[in-house]
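Trainee: Protein chains in written order, with my numbering: chain A, 1 to 471; chain B, 472 to 786.
For the record, the hints were derived by calculation from the structure and aren't laboratory data.
A hint or two may mislead.
[Stated by the list, open to error] Sample of chain A residues facing chain B (criterion: CB under 10 angstroms; computed from the structure):
1. GLN106
2. LEU108
3. SER227
4. GLU245
5. THR260
6. GLY263
7. TYR331
8. GLN334
9. SER335
10. GLN352
11. LEU356
[What the hints assert, rightly or not] Some chain A residues flagged as far from chain B (calculated, every beta-carbon gap over 12 angstroms):
12. GLU63
13. VAL81
14. GLN89
15. PRO126
16. PHE234
17. LEU235
18. VAL244
19. LEU249
20. GLY302
21. PRO360
22. GLY378
23. GLU416
24. THR449
We put the beta carbon where it would ideally sit given N, CA and C, even for glycine.
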Amino acid sequence: MASKPYNEMYSSDAVGRAHYTRYTQWLLDQPPERLAQKRAEADALFHRVGITFAVYGQEEGSERLIPFDIVPRVLPREEWVRLDTGLKQRVRALNAFIHDIYHDQQILKAGVIPAEQIICNSQYRPEMQGIDVPGGIYAHIAGIDIIRDDAGEFKVLEDNLRVPSGVSYMLENRKMMMRLFPELFSEHRIAPVDHYPDVLLDNLRSVAPTGVADPIVVLLTAGAANSAYFEHAFLAQQMGIELVEGQDLFVRDEAVFMRTTQGPQRVDVIYRRIDDDFLDPLVFRPDSMLGVPGLLTAYRAGRITIANAIGTGVADDKSIYPYVPEMIRFYLGQSPIIGNVHTWMLRHKEDQEYVLAHLPELVVKEVHGAGGYGMLIGPAASKAEIAAFRRQIIATPERYIAQPTLALSTCPTFAELGLSPRHIDLRPFVLSGRDVSIVPGGLTRVALTEGSLVVNSSQGGGTKDTWVLET
Amino acid sequence: MLSRTADHLYWMSRYIERAESLARLVDAHYRMSLLPHSADTLARSLSATMTALLMEKAYREKHDTVAPKSVFEFVSLDSDYSGSIVSCLKIARENARAVRGSLTSELWETLNSTWLEVRSQAARRAARADIGQFVEWVKERSHLTRGVTIGTMLRDEAFHFSRIGTFLERADSTARILTAHQGDLVPGADASEVPDPYEWSVLLRALSAFEVYRRVYRDTITPSRVAELLILRDDMPRSLLRCCKEVYGNLKSVANEQSSETERRAGEMHAMLHFTRMEEIAATGLPRFLRQFLDRVRDLGDRIASDFLVPPAEA
Chain A
1 MASKPYNEMY
11 SSDAVGRAHY
21 TRYTQWLLDQ
31 PPERLAQKRA
41 EADALFHRVG
51 ITFAVYGQEE
61 GSERLIPFDI
71 VPRVLPREEW
81 VRLDTGLKQR
91 VRALNAFIHD
101 IYHDQQILKA
111 GVIPAEQIIC
121 NSQYRPEMQG
131 IDVPGGIYAH
141 IAGIDIIRDD
151 AGEFKVLEDN
161 LRVPSGVSYM
171 LENRKMMMRL
181 FPELFSEHRI
191 APVDHYPDVL
201 LDNLRSVAPT
211 GVADPIVVLL
221 TAGAANSAYF
231 EHAFLAQQMG
241 IELVEGQDLF
251 VRDEAVFMRT
261 TQGPQRVDVI
271 YRRIDDDFLD
281 PLVFRPDSML
291 GVPGLLTAYR
301 AGRITIANAI
311 GTGVADDKSI
321 YPYVPEMIRF
331 YLGQSPIIGN
341 VHTWMLRHKE
351 DQEYVLAHLP
361 ELVVKEVHGA
371 GGYGMLIGPA
381 ASKAEIAAFR
391 RQIIATPERY
401 IAQPTLALST
411 CPTFAELGLS
421 PRHIDLRPFV
431 LSGRDVSIVP
441 GGLTRVALTE
451 GSLVVNSSQG
461 GGTKDTWVLE
471 T
Chain B
472 MLSRTADHLY
482 WMSRYIERAE
492 SLARLVDAHY
502 RMSLLPHSAD
512 TLARSLSATM
522 TALLMEKAYR
532 EKHDTVAPKS
542 VFEFVSLDSD
552 YSGSIVSCLK
562 IARENARAVR
572 GSLTSELWET
582 LNSTWLEVRS
592 QAARRAARAD
602 IGQFVEWVKE
612 RSHLTRGVTI
622 GTMLRDEAFH
632 FSRIGTFLER
642 ADSTARILTA
652 HQGDLVPGAD
662 ASEVPDPYEW
672 SVLLRALSAF
682 EVYRRVYRDT
692 ITPSRVAELL
702 ILRDDMPRSL
712 LRCCKEVYGN
722 LKSVANEQSS
732 ETERRAGEMH
742 AMLHFTRMEE
752 IAATGLPRFL
762 RQFLDRVRDL
772 GDRIASDFLV
782 PPAEA
């Protein structure tokens, strides 16, 4: 690692950061047995409540807990205010970009982004060209992954604009912390998060097709075998809406209905948690059993709102990511408040030469990869792995980007031998509808293995409660 | 409410009820096995019960003889057999998980905890060592589930479909238990003849009717009264009449455009039990009466599925 990572709790070995003062004092006062007992209690509760995710490639029906760490990640108010403003700015620009791409394509005509980067992108959906969506909103729910670098600066690592997940853990982690340590919540002024489902429902209702007075919203899931099923069921319950599967819906006369015990019922907004490819077997993957035949016909006719819209993937692709600061300047005429991580695009000759010469220091990512798969972490990779990636990059450079190996900030975390720093990131959830809003904080993910930079739950990551202090 | 959701709720409740019925039967027979000089009666009762519950074939594939211990383990713990108590609890939990958003969190957590406990190896070992305690526990979990259902769920369609599942299953189960003992129950049989007290205790205990009988009749046990209690008493929670009354009432609350014939049949079943007398059942013959009753329960289940739930052809 090039430099010492930023520690969220301590500014040096002995000196705690001001916003953690009360917490660290409290922590010192806790007998170790109490903390151990509380950790066991948290585990048992998560199991009983069934806050689990399915692990792909494991024995069918296996459900696992995402490890929860009891040390919170704390953000002082002024840092959050800046993040909040920067995130809203970014998501406004991203929505403007997607609208533009599926309409006049001014940003391409202006030469800001090369046209072939969009048109040849597998996430670009020509079916969306010219379709107007309510409010011009495409990414109603955006999960923006934020990291803090060694200089203490927040940077955007990735935009998730398709079906971002994790918000249920944000909510459940808070519930768990309040249950385990109620005293901490009377000692701190912590911004609440539990109104997220209300804000989400309000946003979804605000983007219903025009003319619908009292819109019916449903959540479309792939079913109980899906890795994020708990979250789907949780959100549907919290919003008081039906959790539907493709088989529960059908399209008649360009309108969408669900099969109920009282006959067919009209549906106006679908909060979908399945990918574009599976939505409509008549248009996308014909083998999809998860979708609704004819859905796109109803969509094109403006009779149903799908959130997030179809085709948002064109904006969160890693090959488009480097252009987001330009989008902010182009559509909003503002300079970006939160910057990007420096990114080399391997399709460019000079970038490619630099990256190939510095592979052991860099992180290389597949542009369509997700979940921490298809990635090379140079400093941690073997010679053979590096050689393999080198061959792949030379063969298909447009499939890759590279970034410096970031010293993600660390936060003390319970490990086998007690508290020890672990790398973390932050995923705030940005909601767009009538307005753009963010519930303070987000999901803090933590890489539980010492030194690891991979925070994904599918690869040994855990989560923490995230506090935004109000004073 | 989504048809698929109603379907899961209905089956969730049926399987919990089925697990409880089986636990009651194992419990009653297990108690009998602890008494002296009852080995023959016990084996006969176990055979008749397995036949009535359509379990005999699956059992015979694994075991040559009807030995109490192996029957208890088969019915309670055999996870390869889809009709065992542990399988019922697993299926109930799977149905609950598919619609956990439609359950109160208390109900979901109750069902999930039951399953987590059953799944643990330590619990399986303990159950094998003490089957009596295991079935006692299953009964308690079922009582708890029912209590949480009644105590926390909104009285909406979700509740009614869950209740329909419970009572249709219970009607089926009581009728099958009666079938297994129909030889001792023929109404009008010589009242002076003293029936085997062990068999009576199994039958009555399996239906929580032992103490109830004493309270209601304050007299010696006679076949005719036992049959009346378990078939025609409106205040007896597991009687056929009571179950049909609950099914009919809950069905009326969820009526839709196409369900009128189903509702009529449920009402007819209820009225038949409500106005009939033991003499008439005796005239029909108890075995025939019970066969007809079970056919009507099955018919009602099929009709409920096609009117409200996920019809088998479409699923």
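Trainee: Any of the earlier hints contradicted here, and which numbers?
Mentor: Violated: hints 1, 2, 3, 7, 8, 9, 10, 11, 12, 16, 17, 18 and 19.
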